[in-house]
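One line per chain: the protein sequences are A and B, in this order. Counting from 1, position 284 in the first sequence corresponds to residue 284 in my numbering; the numbering is continuous, with no gaps. Counting from 1, position 96 in the second sequence corresponds to residue 96 in my numbering; the numbering is continuous, with no gaps.
None of these hints come from the bench; they were simulated from the model. Only a predicted model underlies this, so the values are computations on that prediction, with no experimental measurement involved. Hints may contain errors.
[What the hints assert, rightly or not] If you anchor each label on the Cβ, the simulated ranges turn out as follows: (1) B/9 / A/258: 33 to 43 angstroms; (2) B/35 / A/121: 52 to 62 angstroms; (3) A/122 / B/35: 53 to 63 angstroms.
A virtual CB, placed ideally from N, CA and C, is assigned to each residue, including glycine.
These are the residues of each chain, in order.
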Amino acid sequence: MAFDKMELNEIEVWDGNFAAAQALRQVQVDVVSAYPITPSTPIVEGYAKFLADGYVEGEFMMVESEHAAMSGCIGASAAGGRVATATSSQGFALMVETLYQASGMRLPIILNVVNRALAAPLNVNGDHSDMYLGRDSGWIQFDSYNPQQAYDLNFIAFKVAEDHEVRLPAMVHQDGFMTSHTAQGVKTLSDDEAYGFVGEFKPMNDMLDLENPVTHGVQTEEDWHFEHKARQHHDLMTKVFPKIEEAFDAFEKLTGRKYNIVEEYMTDDAEVAVVALGTSVETAVEVAKEMREQEGIKAGVIGIRVFRPWPFEYIAEAIKGIKALGALDRSSPNGAMGALYNELAGILVNSDEKAVLTNYIYGLGGRDLTKAHLKEIFKELKANADAGKPTTELQQFIGVRGPKLAYL
Amino acid sequence: MADNTMGWDEFEIGAMLRSFDGPIKDIALTPQEERNYSPNNSFTASVADWRIEKPIFNKDYCIDCQFCWIYCPDVSIVSRDKKMLGVDYDHCKGCAICVEVCPTNPKSLLMFPEQEDEEAAIASWPEKEEKEK
């Protein structure tokens with residue numbers, strides 16, 4: 001079976017979903033097993049159309065749920081194919097059981113997660129509840145802030161995940177609607193460049209190697225389970241970042257676009273900085289520039305590009321000299337501090353850095369984070385930096401109607 | 001994974017087990033006793049203690065029809081060159097399907113208590129049942 005190549009313009013106007021679908025076509029994914037859910041549906045729909053139109057050689061499996069979708073991916077990956085799918089929110093939640101299977105079985109599946117809030121109340125818009133739900137599942141988590149990055153990070157994800165030193169599944173996150181349905185100029189790779197960058201899929205212990213039969217998905221009890229989990233954690237802690245750096249470097253050579261495990265904007269001389277994920281990073285960078293120009297506040301932004309494994313040492317380096325940090329969490333922590341706050345506190349507590357750390361909960365269910373909100377946040381952080389201690393409660397809700405919500 | 005002293009860095013990733021030591025060819029045509037099973041393969045593990053009753057084979061009545069061999073869900077009927085040899089008691093779990101499908105009269109396989117002596121069982125084998133007219 002042969003497939004046709006697609007002629008792309010140097011710059012195409014794509015939304016995040018179409019960009020991801022194009023990436024799945026260009027790396028010639030063998031199997032997509034999928035169940036539709038807003039706002040991620042156009043990714044797998046896009047792959048299915050490319051397949052039907054003869055632009056990809058593969059298999060599209062329509063299944064009865066997201067649990068079945070990821071189960072299909074696991075089977076196809078164990079059989080020895082290049083495998084990907086996409087989901088959001090409730091569908092992601094239904095996948096959780098199988099996410100742990102995929103990572104424990106060391107299957108390099110790529111899951112595009114178009115971030116969306118978790119019900120109840122039901123909501124189709126973007127927040128990071130689903131991304132946070134996946135953070136202990138043993139997957140690598142890449143985060144994109146715009147359609148270009150959703151496209152680029154798919155190639156990075158396949159290259160890193162499928163490396164035999166790594167062999168771990170990876171998620172590529174993009175914000176629901178804000179990225180997934182916002183059309184922007186996307187610089188493309190030609191089909192040959194894209195496929196050449198990721199390379200041919202190299203199977204490992206695949207079930208279709210009939211001369212070397214293997215059993216996947218075995219049961220282990222107290223005698224072996226711990227060793228397998230330890231091995232997986234060790235590889236996440238030690239092997240993934242060097243491979244991501246290699247892939248980022250190779251990608252920069254190919255395209256000129258430079259990615260970093262932790263993205264730093266104006267942090268060199270920054271007195272205050274926010275730490276954020278997703279589209280909010282871009283808004284925050286714009287506001288930080290304005291704070292510098294209009295308010296004389298040395299503001300910076302730290303964008304998390306790789307959420308898992310958690311880039312502890314990279315962030316420790318990035319926050320050097322910053323006096324006040326605001327952790328921006330776009331997920332209801334439901335009775336705790338936000339995840340970014342806790343992770344940053346974990347870095348600060350044993351370091352020589354003495355940054356004042358506070359937590360902002362914002363944007364739930366797609367609520368806008370406006371420039372005015374961010375200006376307020378930067379001003380509060382400046383007050384914290386000047387005082388050398390928190391001048392606000394440690395956790396505040398931003399942009400919610402009703403009496404102010406603040407804790408601790 | 002028979003060796004319980006191995007550390008986390010000493011095995012292949014992915015909670016994956018190999019059925020055989022080294023590559024295999026024509027496995028369907030290789031009798032079990034000649035296969036190079038790995039220590040991880042369940043062939044080396046006995047599940048005999050799952051059984052309460054065991055099937056005993058009486059070759060006097062067997063017509064080598066292979067029904068028991070086909071129907072056994074655990075590949076525990078040993079047959080070579082289409083001749084029924086007996087039961088693999090390391091893997092038989094005592095489900096009695098072989099007895100159920102045996103077409104001879106009397107049956108060539110019958111269930112007995114686990115502790116039953118084979119010679120005594122065969123000595124007490126039932127007579128042919130006459131068809132009711």
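Outcome of the hint check:
no., hint, in the structure
1, B/9 / A/258: 33 to 43 angstroms, "34 angstroms, holds"
2, B/35 / A/121: 52 to 62 angstroms, "59 angstroms, holds"
3, A/122 / B/35: 53 to 63 angstroms, "55 angstroms, holds"
Figure legend: structure checked against the earlier numbered hints; every hint is met.
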